[in-house]
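Chemist: Below, each chain spelled out in residue letters.
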Amino acid sequence: MSSTWSPTVRRRMFCLLLAGGLTLGVAACGSGSGESTGGKVKITVTGQPPTSQPFERGVFDADVKEFEETHPDIDIEPHEGFMDPKTFSAKLAGGQLEDVYYVYFTDPAQIIARRQAADITEAAKGLKNFGDIKPELLDNFRDADGKLYGLPTMNYSMGLVYSRPLFQKAGLDPNKSPQTWDEVREAAKKIAALGNGTVGYADYSKNNQGGWHLTAWLYSMGSEVARKDGDNWIAAFDNDKAKAALNQLRAMRWEDDTMGSKQLLEAQDVQRMMGAGQLGMYMAAPDNIPVLVKQFNGKYEDYGVAGMPGGQGTLLGGEGYMINPKASPEKIKAGLEWVRWKYLNPERFEKHVQQYVDGKQPVGLPAEPTPDVWQGAVRDQQLAIKAKHANVPAENYQSYVDASARIKGSIEPPNAQQVYAILDSVMQAVLTDRNANIDQQLSSAVSKVNSVLAQVK
Amino acid sequence: MSSPRSSSVLDWPATASSRAGRPVASAAERRRNRWRRKLKENLTAYGLLCAALVVFALFSWYPIVRGVLLSFQQVDFVNPPTWVGFDNFTRLFEDPLFGVAWRNTLLFTVLALVFGFVVPFVTAVLLNELRHAKAFFRLAVYLPVMLPPVVTALMWKWFYDPGAGLFNSALGAVGLPGGQWLDSSDTSMLSLVFVSTWANMGSTTLIYLAALGTIPGELYEAAELDGAGLWKRLIHVTLPQTRFVLLVLLLLQVVATMQVFTEPYVMTGGGPDDSTVTVLLLLYRYAFVYNDFGSASALSLLLFVALGVFSALYVRLTRKADQS
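Chains U and E, in that order, give the protein sequences.
If you count by this note's numbering, then the first sequence holds residues 2 to 458, one letter each, in order.
If you count by this note's numbering, then the second sequence holds residues 10 to 333, one letter each, in order.
Excised from the complex, chain U in its bound form (with noise of 0.2 Å):
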């Protein structure tokens, strides 16, 4: 049978297709997601950590295999890290975002908002010690008309990190840290005159952390950072209690020069200065002392952590799952006995901290191998095994815990990022401009984020 076209035109128009073909195909690529077969549920979990925690990555792969032989009906497929923000979005349109996905206390009010979470409202009332969890914290997850989305699983409050042995050169008393912001800054005072670059007192404030960590000097100050009036939520700092967080901070950074000459930090940039022994204090939660010691050889002995200076508040954070809002009720219903048995459940707590000891991982912190969220008795008998196996100086933390007892912690912000983002400017304004006016950051502020908190629905 004889062709319509020549060879040479059959060439072309197979390299045609082919072309097309491989144009279409790798634009089509990248979507579907991995389903269950033969009876199992098949779920896809976030908060592996990466390769290079070799002992939380151990645990971790542990963990999915005894939760798979304990549940043969459920098959865990672990993805490395956790929320990115970046790539949230569009995994969640591609279809690739995970079943169970990693979350930080600042996110859920705005997945909630956006639809972007399955309701686990009655899902989550069968699960075992669900009724233990501070509920607070949970409130954290829910909606305006008091749905769940979602589970915390840790928790944490703002205190003091400082270093032991730049308090000694210094002449200050490491056992008795610091309990008002006075005491900081005669502290940070002695710290600072040790000279060669030592940093009495150091804050962030970029990239929405000196926001965040400005929400947590209002409520040490006692000031909150938004009320809700009526139906709608207004800004609640422009206040004399805000004016003397920000006047300590313009002392202390201006008056003082306490706090170094390089501002716009971050994070990382704070911790490493405490890692090189060149910084005495600065505002953060326990779990950063681990952080301290592994990224930077240090030692917990030379670590302490006092409770939020004030005392007249703290803020709260944490992290939590929530669960794809894609997700079949199999799969979310798999997903929640994930969560609670992997992070809530306190029938492992004893192994859980075993497999710490073992692996000559810090116990006795006030952050993990367990989580903070519990209330009640499940609270005191995670207290009581922690402090059974504790392997670091936990009376140097003692100040901490005693003051999460007393302190009042408040949660953050509704629409907190951008909140945050407009805090950061005040904090840099002050940091950066020894003529910063106050009086005129904060009302500024004040219209900004409420401009921003009309948006909260």
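Be aware that a few hints might be false.
[Stated by the list, open to error] Some chain U residues close to chain E (C-beta under 10 Å, calculated; not the full set):
#1 86
#2 139
#3 207
#4 261
#5 298
#6 349
#7 437
#8 439
#9 443
[Stated by the list, open to error] 30 Å max Cα-Cα, derived DSS-like pairs, lysine-lysine:
#10 U:191 / U:244
#11 U:244 / U:66
#12 U:295 / E:166
#13 U:43 / U:87
#14 E:166 / U:87
#15 U:327 / U:41
#16 U:409 / U:229
#17 U:190 / E:47
#18 U:170 / U:191
Hint data in this document are derived by calculation from the structure and do not stem from the laboratory.
Note that the Cβ used here is the ideal one computed from N, Cα and C, for glycine as well.
Since the structure of chain U is already known, use the hints to place chain E on it.
Modeler: Just chain E now, kept in the frame of chain U:
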């Protein structure tokens, strides 16, 4: 594209005898045949063109169209987008940072043009006047372009460090007081412009050099015979001869500098006191910090329109340059 087979002799024997043996084709048929022949001859070209068009459509035009649509929608990537009219734009106009970002971007553009336009031109003129080691200096000027932008930004961040940074250490060594560079809202933008100029001047200089190379040597010789020095040669020969390249590069630089992102993102995060928040940095925040892709798209549409004006000017000028 023409093929070697385009000669009609091969396809259409033109002898009278052969023509007599077949019916005379109608005009429409001839046109159809001609079209078929052309298609056959250029099939490969059309194939390659189609592939390129598909790639462009998918990866360039579709995102632009989608971006325009998104700017009028609220999106959550779960449910179908909902139309919100001009709400996203209203939100942008109500954002106090909106005006600040545009003002900062324009300031950066103006400063970047003052430095980024003049410095490479002067460098190119000087390099052109060199008698020896031309290649070495060309390479030396071009080297910074090869550095990844983030590396450049981080390196300059250390230069600017008010404590142990290169600049303040050097100033301190000769007894001068150090500056706050990035840490003061008075100097932060200027400091970023220096980085941008340093990083990008290599490629601009090379384009100027190429333009200078096209100027006929006789013009300079004639000018020299008339007693013109370097300055007069620059004013009366170099500038008039390179005016179109200058204008085109000016517009390209406007388009490029208005999209500044890496330097403020890496070096200042928009600070201090919002003095380096640019339009693209604000756009980034809307998209990836606030997760508001509708407003981010609205902002990108506004930037697109602003840059479109300059691009239209660019196209017009290059056409004019070609014609002349």
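Chemist: Next, verify each hint and record whether it holds.
Modeler: Evaluation of the provided hints:
1. 86: holds, 5 Å
2. 139: The hint is violated - residue 139 of chain U has no Cβ within 10 Å of chain E, the shortest such distance being about 22 Å.
3. 207: holds, 4 Å
4. 261: Residue 261 of chain U check passes; min Cβ-Cβ to chain E is 7 Å, inside 10 Å.
5. 298: Since chain E brings no Cβ nearer than about 21 Å to residue 298 of chain U, farther than 10 Å, the hint is violated.
6. 349: Check failed: Cβ of residue 349 of chain U comes no nearer than 33 Å to chain E, outside 10 Å.
7. 437: holds, 8 Å
8. 439: violated, 13 Å
9. 443: violated, 13 Å
10. U:191 / U:244: holds, 25 Å
11. U:244 / U:66: Roughly 53 Å between the alpha carbons, so the hint for residue 244 of chain U and residue 66 of chain U is violated.
12. U:295 / E:166: holds, 26 Å
13. U:43 / U:87: It holds: about 26 Å lies between the C-alpha atoms, which stays within 30 Å.
14. E:166 / U:87: holds, 24 Å
15. U:327 / U:41: Roughly 18 Å separates the two Cα atoms, so the pair holds.
16. U:409 / U:229: Within the cut-off at roughly 18 Å; holds.
17. U:190 / E:47: violated, 85 Å
18. U:170 / U:191: Since the Cα atoms of residue 170 of chain U and residue 191 of chain U sit roughly 9 Å apart, the hinted pair holds (cutoff 30 Å).
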